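**Q** Turn these sequences into a full structure, and let the hints steer you where they fit.
Here are the chains, one letter per residue:
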Amino acid sequence: MLKNSTQGYGLVSIVMHWLVALAVFSLFALGYWMVDLGYYSDWYQTAPMLHKSFGLCLFALMVFRIIWRLINPKPHGLSNHQAWEKTVAKLGHFALYAMLFVLMISGYLISTADGRAISVFGWFDVPALLSGLPQQEEIAGDIHEILAWSLIVLSAGHALAALKHHFIDKDATLNRMLKPVNSTPTRK
Amino acid sequence: MKKHLTAAILTAGLFTAATPVLAADYAIDTRGAHASVNFKVNHLGYSWVVGRFDTFTGDFSYDQADPSAAKIAVTIDTKSVNSNHAERDKHIRSKDFLEVDKYPEAKFVSTKFDSTDGQTGKLHGQFTLRGVTKDIVIDVTKVGEGKDPWGGYRAGFEGATTITMKDYGIPMDLGPQSATVELEFHIEGIKK
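If you're matching them up, the sequences are chains A and B in order.
All residue numbers for the first sequence refer to the UniProt record's numbering, where the first residue is 1 and numbers rise by one.
All residue numbers for the second sequence refer to the UniProt record's numbering, where the first residue is 1 and numbers rise by one.
Bear in mind the hints are in silico, worked out from the structure with no lab data behind them.
Do not take every clue at face value.
According to the in silico footprint, chain A covers these stretches of chain B (three or more CB under 8 Å from chain A) [stated by the list, open to error]:
(1) 85–92
(2) 163–175
A few chain B residues facing chain A, derived, Cβ under 10 Å [said to hold, decoys possible]:
(3) Leu44
(4) Lys79
(5) Asp96
(6) Val100
(7) Ser178
Mimicking DMTMM-like on lysine to aspartate or glutamate, the simulated pairs with C-alpha atoms at most 20 Å apart in a straight line are [unchecked claim]:
(8) B:Lys166 x A:Asp36
(9) B:Lys79 x A:Glu138
(10) B:Lys102 x A:Asp114
(11) B:Lys90 x A:Glu145
(12) B:Lys95 x A:Glu145
(13) B:Lys90 x A:Asp36
(14) B:Lys166 x B:Asp96
(15) B:Lys79 x A:Asp114
The structure displayed is predicted, hence computed values, not measured ones.
Glycine is no exception: its CB is placed at the ideal position from the N, C-alpha and C atoms.
**A** Rendered as C-alpha cells:
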C-alpha cells in the first residue's frame, strides 16, 4: 500500500506527486504575484519569505522523492502504451525533475548571492554555499524566471497527456496516480 | 625617433606645467579606489540605506588659479550598484528602478563651476540617469591637492547633491520619505 510495486504506485509516491504539483503551481503563482507588490504592502516581506521557505521544503521533499524512487520497485508501463509514448514520457519526466531542481537551486542562488543565509519560516537558517560569483543574483534570477515559465508549460503538457490517456485512450495511467496499488501483486 | 618624440612631449609638458593659467588634467583614481560615488535613500523615515556604484570612470581639469575653468565628466556603470544586499541590488537594477539592461550608463558632465576661491563652489552640469538628462547643481568642497609620496600629483574634492527619483522616470514608490536620493561624490584625481 505504501510502497510501489511493478503494477503501480504506492501511497507515498502518490501523495508526494500531488504535493509537488500543488507546491509547484502555488510557488509559481506566489512568485509571479510577489515581485510586483508595492513597498507598503503587508505582504512585501512575508510573501518572499514564504516563497523561499516553501521552496526549500520542496527541495527536501524532492530529494526524498528521488531516494524513494530509487529504493522502490519501478511500476511497469501500461501494455497499451506505444513505444514512442514511453520514450516521450521518459524524457518528459526526466525534464520535469531536472528543471525543478535547477529552478530551486537558481532561486537559492539569488538569495544567497551575497552570502546571506535563507531563513525557513524563521525556524532555522539554510546557509549560503556559493556566493559572490560575478552577477550571481542576475544570472540566477534570469534562469529562475525562464525555468519557472518552462516548468509550468511542461507541467501543463504533462497534465494534458494524463487527461488524454484517461479520456481518449481510456487507460489506467491517471488512475494509477490516484489509487495506491494493492500489496497483492496479482490485481491489475 | 621614438626618443626624440618622447623628448619633445616631455618638453611640451614642461612648458605646459610652467604656464599657470592652463588648467591641469586629472584622471579620477578609480584604479586605486581613491574615489567613490555613493548614494543614500531614506528608509521609511526611520534611517538611511547607503549604497555605491562600484564602477565608474572620469576625468577632470582644475587649476587653483582659475577655478571657473574647472571641468569634469564622470560615467557610471549602473550595473555596478552595490547596497550590500544582493536581492535589493537585483531590484535596483530592474525596471522598477534603474533598468540597467536598457540604461547601462549614468553620466555627469559639468557645464560651469561657480567658485570664487577654488575651495568651495557650485558645480553645474547635466546628469543623465535612466535615459533622462537634467540640469543639476553639486555642492563641491575641495579637500586638498599636492604631491603624493610616489612621484605623482593629486587633487581631491567631495560633492553632494539631491535628486528626485520621479524626475528620472523611476517608477517604484518607496513612500514620501524616500522620494529623493542623496548623491555623494569623493573624487581624487591623478594629474596626467
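**Q** Against the earlier hints, flag every one the structure doesn't satisfy and list their numbers going up.
**A** Structure breaks hint 10 only.
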